[in-house]
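Below, each chain spelled out in residue letters.
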Amino acid sequence: MDHTPFILATYLGVALLLAAMIAHAVWDSRRVARRLQALEERGIRRRSAATVADDRP
Amino acid sequence: MTASTPRQPTWFDRLAHPGNFLRWSRPLLLPFALATALVFAIGLWFVFFNSPADYQMGDMVRVMYVHVPNAWLSQFVYAAMAVSALGTLVWRHPLADVANKAAAPLGAAFTALALYTGALWGRPTWGTYWEWDGRMTSTLVLLLIYLGIIALWRAFDDQLKAGRIVAIVTLVGAVNIPIIKFSVDWWNTLHQPASVFVAGGPRMPPSILTPLLLMSLAFTLLFLTLHIVRMRTEILRRRAVTMARQAALEEAR
Numbered sequence: 001m002d003h004t005p006f007i008l009a010t011y012l013g014v015a016l017l018l019a020a021m022i023a024h025a026v027w028d029s030r031r032v033a034r035r036l037q038a039l040e041e042r043g044i045r046r047r048s049a050a051t052v053a054d055d056r057p
Numbered sequence: 001m002t003a004s005t006p007r008q009p010t011w012f013d014r015l016a017h018p019g020n021f022l023r024w025s026r027p028l029l030l031p032f033a034l035a036t037a038l039v040f041a042i043g044l045w046f047v048f049f050n051s052p053a054d055y056q057m058g059d060m061v062r063v064m065y066v067h068v069p070n071a072w073l074s075q076f077v078y079a080a081m082a083v084s085a086l087g088t089l090v091w092r093h094p095l096a097d098v099a100n101k102a103a104a105p106l107g108a109a110f111t112a113l114a115l116y117t118g119a120l121w122g123r124p125t126w127g128t129y130w131e132w133d134g135r136m137t138s139t140l141v142l143l144l145i146y147l148g149i150i151a152l153w154r155a156f157d158d159q160l161k162a163g164r165i166v167a168i169v170t171l172v173g174a175v176n177i178p179i180i181k182f183s184v185d186w187w188n189t190l191h192q193p194a195s196v197f198v199a200g201g202p203r204m205p206p207s208i209l210t211p212l213l214l215m216s217l218a219f220t221l222l223f224l225t226l227h228i229v230r231m232r233t234e235i236l237r238r239r240a241v242t243m244a245r246q247a248a249l250e251e252a253r
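If you read the sequences in order, they're chains V and S. Residues in the first sequence are numbered from 1 upward in steps of one, following this note's numbering. Residues in the second sequence are numbered from 1 upward in steps of one, following this note's numbering.
Don't take each hint at face value.
What the hints assert, rightly or not - With beta-carbon atoms standing in for the labels, derived distance ranges:
#1 V:D28 x S:K161: 33 to 41 Å
#2 V:A19 x S:L171: 30 to 38 Å
#3 V:V26 x S:V241: 15 to 23 Å
#4 S:T10 x V:R34: 29 to 37 Å
#5 V:A23 x S:A151: 47 to 55 Å
Unchecked claim - Sample of chain S residues facing chain V (criterion: CB under 10 Å; computed from the structure):
#6 L120
#7 W187
#8 T225
#9 R232
#10 R239
#11 T242
Unchecked claim - Stretch-level coverage of chain V by chain S, calculated; a stretch enters the list once three of its residues show a Cβ under 8 Å from a Cβ in chain S:
#12 8-16
#13 37-46
None of these hints come from the bench; they were simulated from the model. Even for Gly, the Cβ is constructed at its ideal location relative to N, Cα and C.
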């Protein structure tokens with residue numbers, strides 16, 4: 001029995017899901033950073049901090 | 001009657017304060033990401049170019065190098081979530097439910113990969129993609145628990161309330177972890193018993209153990225890196241929600 005298709009399917013599937021996990025983490029982080037920036041540009045500040053600039057992802 | 005003095009924050013309180021976490025975790029991201037890429041590169045070189053085919057399974061042994069790390073992580077991530085659930089319920093720790101929420105999708109992905117790679121490993125070696133044995137069934141239950149926890153997080157707008165409910169569900173679900181671990185000892189199964197962390201040392205040669213440990217380290221580093229990124233994102237998301245709510249209240253006045 002040729003095992004190559006099983007090994008290829010395994011590593012391809014793992015690579016695809018890992019790439020999706022990394023891409024989602026980066027995308028979500030940038031989306032939240034943009035949302036915070038938009039709030040700051042509207043002059044909105046947290047009561048407990050003057051700026052969130054140091055805390056960006 | 002004596003006046004009570006407020007408790008001074010300990011080093012751990014300061015370290016785990018969300019604002020401080022954002023500051024000290026930021027410089028860790030690049031080294032963690034680089035270490036993950038480096039260990040994956042070395043591990044994959046061992047897997048494909050510097051490890052022998054198994055005398056029984058042949059080249060299918062190479063599937064083990066991704067299946068076992070994902071199976072380990074599926075349980076490790078859940079154990080970490082159970083500890084964070086204790087942090088939420090017992091100590092009301094501000095980072096505990098953030099850690100739980102950030103880890104759940106990662107744990108679900110590792111569990112799904114363990115099931116996927118296991119099915120592809122099983123077909124040529126056992127003659128079947130799936131068997132309702134103790135190890136596979138309890139791992140499928142773990143995936144369903146992860147998905148339930150993710151759904152619970154999304155079901156509540158109030159994340160503090162969600163955190164407490166999820167913490168209880170997480171602790172109840174933790175009973176499944178020893179079931180997965182000992183399923184191969186308790187019931188008849190196609191899976192082999194533990195062969196790495198056993199009394200007397202690993203029951204496999206260094207040529208196979210080395211790539212297995214390297215790939216396990218690579219997947220663990222990937223989890224830690226993504227977990228830090230996702231925790232930072234969750235803290236900032238909560239800040240954005242608070243700021244938007246604050247702005248809406250001020251506009252309404």
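We went through each hint and held it up to the structure:
1. V:D28 x S:K161: 33 to 41 Å: Violated, since D28 (chain V) and K161 (chain S) (Cβ atoms, about 22 Å apart) do not stay within the stated range.
2. V:A19 x S:L171: 30 to 38 Å: 33 Å, holds
3. V:V26 x S:V241: 15 to 23 Å: With Cβ atoms ~21 Å apart, the hint holds.
4. S:T10 x V:R34: 29 to 37 Å: 36 Å Cβ-Cβ, so the 29 to 37 Å window holds.
5. V:A23 x S:A151: 47 to 55 Å: 22 Å, violated
6. L120: Check passed: Cβ of L120 (chain S) comes within 5 Å of chain V, closer than 10 Å.
7. W187: 26 Å, violated
8. T225: 9 Å, holds
9. R232: 5 Å, holds
10. R239: Hint on R239 (chain S): holds, closest Cβ of chain V at ~6 Å, below 10 Å.
11. T242: 7 Å, holds
12. 8-16: With 5 residues closer than 8 Å to chain S, the stretch 8-16 of chain V meets the three-residue bar; holds.
13. 37-46: holds (count 5)
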